[in-house]
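Participant: Got chain G; can you put chain V on it based on the hints?
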Amino acid sequence: MGEDTTLLGRYRLLQLAGGAVAPLVTAALAFLVGGLVIVATTHKAPWGVYGGIFDGAGLNWLLPWTSGAARVDAGYNLQQTLLYTTALILTGLAVSFAFRCGLFNIGGQGQYIVGATVAVWIGSSLAGLQPAAHIVLTIVVATAAGAAWAGLAGLMQATVGAHEVITTIMLNWTAVWVASALLGQGGPLQGANTGDNPISSDVADGAKLPIVWGDPLLQGLSIGIFVALAALVVYWIVTSRTTLGFGIRTVGASPEAARYAGIDVARSAVVAMAVSGAFAGLAGALDILGWQFRLSVGDVQASQIGFIGIAVALLGRNTAVGVGLSALLFGSLVNGTSTRNLDPSVFRPDLAGNLTVLIQGLVVLFVGADVLVLVLLRRLRRRA
Amino acid sequence: MRSDGRLLGPGGIAFGLLAAWVALPPLELRTSIGPLLLGAAGVGAGALALRTGDTRRGRFAVAAGLLGGGLGVLATHSSTPHLEVVVGWAALLAAMLRYATPLLFAAIGGMISERSGVVNIGLEGMMLTGAFFGILGADKGGSWAVGVLVGMVAGGALALVYAVWAIHLRVDQIIGGTAMNFIALGLTGYLFVEIYGDQGTPSGISAVPDVHLSFLRSVPFLYGSIGQLNLLTWVALGLVVLSSAVVFRTPLGLRLRAVGEHPLAAETVGVSVFATRYTAVVVSGMLAAAGGAYLSVGFVDQFNQNMTAGRGFIALAALIFGKWRPYGAAGACLLFGFSTALAQRLAVYSQHGGIQIDVLFQALPYVLTLVAVAGVIGRSIPPAAVGTPYTRQ
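If you read the protein sequences in the order shown, they are chains G and V. Under the working numbering, the first residue of the first sequence is numbered 1, with each subsequent residue one higher. Under the working numbering, the first residue of the second sequence is numbered 385, with each subsequent residue one higher.
Everything labelled a hint here was simulated from the structure, so no lab data went into it. Glycine is no exception: its CB is placed at the ideal position from the N, C-alpha and C atoms. Some hints here could point you the wrong way.
Stated by the list, open to error - The calculated lysine to any residue pairs, modelled on SDA-like cross-linking and capped at a C-alpha distance of 25 Å, are:
no., chain 1, residue 1, chain 2, residue 2
1, V, Lys524, G, Asp350
2, G, Lys44, V, Asp582
3, V, Lys524, V, Val577
4, G, Lys44, V, Gly584
To be verified - Here are the simulated distance ranges between beta carbons:
no., chain 1, residue 1, chain 2, residue 2, range
5, G, Thr159, V, Phe632, 30 to 40 Å
6, G, Val160, V, Trp473, 33 to 43 Å
7, V, Arg435, G, Glu256, 31 to 41 Å
8, G, Glu256, V, Tyr711, 30 to 40 Å
9, V, Leu544, G, Leu36, 11 to 21 Å
10, G, Gly48, V, Arg776, 44 to 54 Å
11, V, Gly526, G, Pro64, 49 to 59 Å
12, V, Ser587, G, Asp343, 31 to 41 Å
13, V, Leu420, G, Thr41, 50 to 60 Å
14, V, Thr775, G, Leu24, 28 to 38 Å
15, G, Val72, V, Gly526, 45 to 55 Å
16, G, Pro64, V, Gln728, 56 to 66 Å
To be verified - Partial list, computed: chain V residues near chain G (C-beta under 10 Å):
no., residue
17, Val545
18, Phe566
19, Ala701
With the rest of the complex left out, here is chain G:
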């Protein structure tokens, strides 16, 4: 009993005991089960399929023997993978940061949608603005909108004790439908002459992020990746090196102890949720300004980036390095199984897309259980 019955207690144990081994085992297990599904349903060798996904994600670019036209293609694919990774790092951090405060932010998807919607609104208006100012303004307002959306859940948790899991789920779907109405037919964000297939106007050229690798017209990699990497560093500094982070971690570990130590628990919950939402809102802004440039009702309803952030955070154990690496893993999976990138002769992309969702679910499922394995190991060791 005691510390291993609470989620955070278990995570503390895990951080002491597991290191990198447990996440690796978790991911391997998920891919193994995914492989079994492949064999059972298609009788194909799973390594061939996973190899195809590996190539589809452009990870073969990293292999020195990839050359010529294959290398050029791999470069394009890897750029797209890194674009997904950018967003997933941030939506992963959105879940991780709240976790550190003992809160489960399931609302990353809604906060991401709010950020993306605000970004497309500001990015496509104010056309005369100076480019750098336009970019900064768009990112700041979208990030703040994400923070406010999540902060609402934090505020409800702090003031009336409404459970953040419930409020963030409700805020997710509220965001989906409000954004759908805003972007849909007759909505204020619908672009001109997009009657039956409503879609927003494109963001102004000046508001598009500079491209650091690849062709701007072929979804090259924008500077957004550096923003995401910087966010990882900021996350690490804030959680482990500042008074704010200390307070939030203390509240997460034990609200009673934190209260006794004079930490404002209610305020910590609001701040933790707001910072979480800021990460997710930033992800939405970077996607819009970095490569999507426009938003449709279909985009809003099909988007899974915020939800995948849950798996990213859980697999990454809420550490900066872990979130970065698992964002790369899931970014590769999402991009490598996309209809555009997966070689249909290797595996049907429409099947593979669902395989990605399945693997993601298995990762989340096993993450919980492998923590338990470690707890059991520790008990056995104590008994011996």
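Facilitator: Just chain V, lined up with the frame of chain G:
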């Protein structure tokens, strides 16, 4: 004073209803002022009732005033010919019941699980599983009955996996439920593409029949609203009554609630916490799956990837909105079903340009639930031990 105060609450509710009513046939008031004033009167009476201490009816009056006023203003903005379409009341009631049916199944399922102390965020996934395996069973088995059964078994199986994780492995229930939703989405999508490919499910799969109450033909309103409902709609309504009776009037229900409120005490008097929770979670999965099967085999007679589209979460919302009680949850399901039905009818309104009201309406269940958990319409208090794994001493 006390006797006067008691009338304020019901009066406020009446004002709220009136606010919506005046804008609809036969009155068809065409200015927003009427509904606005009546709605405000409802809110005002409700506020006064709150001050006199009649909190329950006062809060209902405030809610009725806000909703009625809002609906009334919306309706006055629709042009009259469209309103005739909006208000085929009987058709609207029938549509409400149709949309509420899957929610009823899932919400009652969720209530049973949560009453035993296990949060079921995975309702959505279990519903989706029921929808896919329901149509698969009906297609391969040749009968809707086989389909519904196969769907329920599949949903129960997924729930069993979740139960092992949540009860025996004591994994965080939110994480476990989230995993279930992902797995169900991936697995059903994968199998759907694998089995049915680009063509989708074939047409003409055996569907759950409608119940024709022809003796109601002489009363057009009744016949129009409840005369041709789907069999599963009646089952869902029966389930509400049955679950309420079981949960609150039988020893079995008492055990269920005891396990959810104070598991240690229940175990002390000889109730097996594990057995109760396993049963409750599996039953909840089967019921959610029945709701999903209604969607695929009963409602649209086909399957699409992710076809539940968040209905599991609406059911979760209904459960919370209804304060973990069968009739409360059912009321919320009917309210959410009504808002969907009304939104479908109001869709014509958006053709005049301006924002699509029917799309915006889809956010209503979630916003109402946010309001409910914020404690505006009375606090929603979950079972005490919900979400806490039980360790045998």
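Participant: Give a verdict on every hint.
Facilitator: Verification of the supplied hints:
no., hint, in the structure
1, Lys524/V - Asp350/G, "holds (23 Å)"
2, Lys44/G - Asp582/V, "holds (20 Å)"
3, Lys524/V - Val577/V, "holds (16 Å)"
4, Lys44/G - Gly584/V, "holds (23 Å)"
5, Thr159/G - Phe632/V: 30 to 40 Å, "holds (32 Å)"
6, Val160/G - Trp473/V: 33 to 43 Å, "holds (37 Å)"
7, Arg435/V - Glu256/G: 31 to 41 Å, "holds (36 Å)"
8, Glu256/G - Tyr711/V: 30 to 40 Å, "holds (37 Å)"
9, Leu544/V - Leu36/G: 11 to 21 Å, "holds (19 Å)"
10, Gly48/G - Arg776/V: 44 to 54 Å, "holds (47 Å)"
11, Gly526/V - Pro64/G: 49 to 59 Å, "holds (58 Å)"
12, Ser587/V - Asp343/G: 31 to 41 Å, "holds (33 Å)"
13, Leu420/V - Thr41/G: 50 to 60 Å, "holds (59 Å)"
14, Thr775/V - Leu24/G: 28 to 38 Å, "holds (29 Å)"
15, Val72/G - Gly526/V: 45 to 55 Å, "holds (53 Å)"
16, Pro64/G - Gln728/V: 56 to 66 Å, "holds (59 Å)"
17, Val545, "holds (8 Å)"
18, Phe566, "holds (3 Å)"
19, Ala701, "holds (6 Å)"
When each numbered hint is compared with the structure, no violation occurs for any of them.
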